[in-house]
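In order, the protein sequence lines correspond to chains A and B. Each step along the first sequence adds one to the number in my numbering, with nothing skipped, and position 188 is 188. Each step along the second sequence adds one to the number in my numbering, with nothing skipped, and position 82 is 82.
It is possible that part of the hints are untrue.
Unchecked claim - One-sided and incomplete, this derived list gives chain B residues near chain A with beta-carbon spacing under 7 Å: (1) 165; (2) 166; (3) 171; (4) 216; (5) 227.
Quick caveat, the hints were computed from the structure, so don't treat them as lab data. All C-beta atoms in this analysis are idealised placements derived from N, C-alpha and C, irrespective of residue type, glycine included.
Here is what each chain is made of, one letter per residue.
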Amino acid sequence: MLKKALIALTLLAIGLVVWAAWLGLAWAPPDREMGDVQRIMYVHVPAMEMSLLAMTLNFICCVAYLFRPRWSTDSLAEAFAEVGLFFGTYGLVLGSIWGKPTWNTYWTWDPRLTAMAIGLVSYAGYLALRRFVDDAERRAVWSAVVGIIIAVDVPIIYLSVRWWRSLHQVQSSPATVDPAMVHALRWNFVAFFVVFIVFVMARYAIARARREQEMTPPPLVLEAAR
Amino acid sequence: MRPSAPPGLLSTAWILVRKDLLLEWRSRARANALVFFALASVLLFSFALGPDTTFLRHAAGGTLWLAILLASVLALGESFRVEQENAALDGLRLAPADARALFLAKALANAVLLVLVGAVILPVLFALASVDAVLGLGRLAGVLVLGCLAIAAPGTVYAAIASHARSRDVLLPLLLFPLLIPAVVAAAKATSLVFEGDPMLQSGSWLGLLGAFNLVYWSLGFALFPRVVED
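Please build the complete structure, drawing on both the sequences and the hints.
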C-alpha cells in the first residue's frame, strides 16, 4: 500500500519537475538585468524553502519526542534532517553557481550564506551523532536535544537578510515580480514540495526498517526461545 | 535528629563547582596540559602565518580564540571523563543533585578553566604580535569571560552526550564547532578591536552578539541537560 503510494507520488513528482523546469527554463521571460542566469532562482528558492521547512519540521519532531517518546517521531526527525541537509546543500551549490556571474564570486561571508553554511554543518553533525550512538533510546533522546539546540540557527537563516541587509537580497513579494515569473516559481514550488514528500516518505521507511531490524533479536536467540 | 533540608538549586551548583575546581586544584594535571596545549597552538599559528608582526597583530584575535577553542575540546571531554570513573556521575545524580545544578556547575567550572587558559596565553600573544593593550585590559577581560562562557554552555551539553557515544573524540568537535562559529567570530572580532583600536565603536555590537549567544545557549542547556543525563 505504502509502496504503491510512493511509486505513484514519484511518477507525479517526475512529471511536475519536468513541467516546472520547462516553465522556468523556456516559458518564463529572461530577467532584464541578469538574463538567463536568473532562471537558477526557480530552483534555488524552492530548494532552500524545502530545506528550511525540513529543518523546522525536524525541530517540531524533536520537541514532540522529548514530550512524548515515540519511535515514529524519532524516525521522522531523522528523515527530515537528512532531506533538509540534501535540499540545503543543493540550494547552496545552485546559489554559488548563480553568484559567480552575478556577484562575481562563488562564495562571500554574507550573513545569510554564513548562517546557511553553519546550519548545514550542524545537521551533518546531527546525522553523525545518530550513527555514533548504538543504544536506540539514548540516540533518540540525545539527537532530539541536539536537534533543538541546532534549530536556533533556522530562524536566523530566514531573518538574516532582513536584520543585516547585506549582499543577499531579501524575500520578494509576488506583488513586485512579473506575473509570468511568479507563475513559473509557483509551479516549481509545487514540484519541489512533491519531491520533498517522496524523499521524506522513502527516508522514513528506511529509518523504520532499520529500527525494526535493531529491535529484532538475532535468529539464534529466537530459536533458543522456542 | 531531623535530617537537614537538601540544598537548593544554586547552592548545589555552587558545591559542585567547588568540587570540580578542588579536583582540578589538587592534581592540576588537566590545567597544566591545557595551558601547554594552548601555548603550543598559539606558537603553531604564528609559525603557520609567518613572522610578519603587523599581520600577526591582525590575526591575534583569531589566534587567541582558535587556541581557546581547541583547548576547550580537551577540557570539555575530560570534565566528563573524570565523572565516568567509578560511575561518579550516577553517584551525583543519586545524591540527589538536580541535573540542572549539575549543568550550571560543569559549565561554570569549564568556563573558569578556559578563562585561566586564556589569561595565560594572552601575555604570550602580546609579545608575539607586539600588542600594547594596557588601556583595553578591562574590556579584554570582559570579552574573555563572555567568550569562555559562550563556549562552555553548549560545550557542556555536547560533552555529556559525546562522553557516552562511540568515537567521542571525533563527535564532540563535529557537533560543537559549527555551533560555536558565531561566538568565535564575535569574540575574535571584539578581541581584535581591543588590540587594534576601535575608532568606529563596533565592539558594542559584537559584545551584544556574544551576550545574546550566551543567553540562548545557557537557557537551552539549563532546560535540556536533565534529558541528556537521565537514565
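Inset, instruction - Using 7 Å as the Cβ threshold, decide whether residue 171 (chain B) counts as touching chain A. - result: Holds - the Cβ of residue 171 (chain B) comes within 7 Å of chain A, reaching about 5 Å at its closest.
Legend entry - Hint status (Cβ of residue 165 (chain B) to nearest Cβ of chain A, threshold 7 Å): This hint holds: residue 165 (chain B) lies near chain A, its Cβ roughly 4 Å from the closest one there, short of 7 Å.
Legend entry - When the least beta-carbon distance from residue 216 (chain B) to chain A is tested against 7 Å, hint result: This interface hint holds because 6 Å falls under the 7 Å limit.
Legend entry - Given hint residue 166 (chain B) near chain A, where the shortest CB pair must fall under 7 Å: Constraint on residue 166 (chain B) satisfied, holds at 5 Å.
Legend entry - Restraint satisfaction for residue 227 (chain B) [CB to CB of chain A, less than 7 Å]: 6 Å, holds
In the structure shown, no violation is registered for any of the earlier numbered hints.
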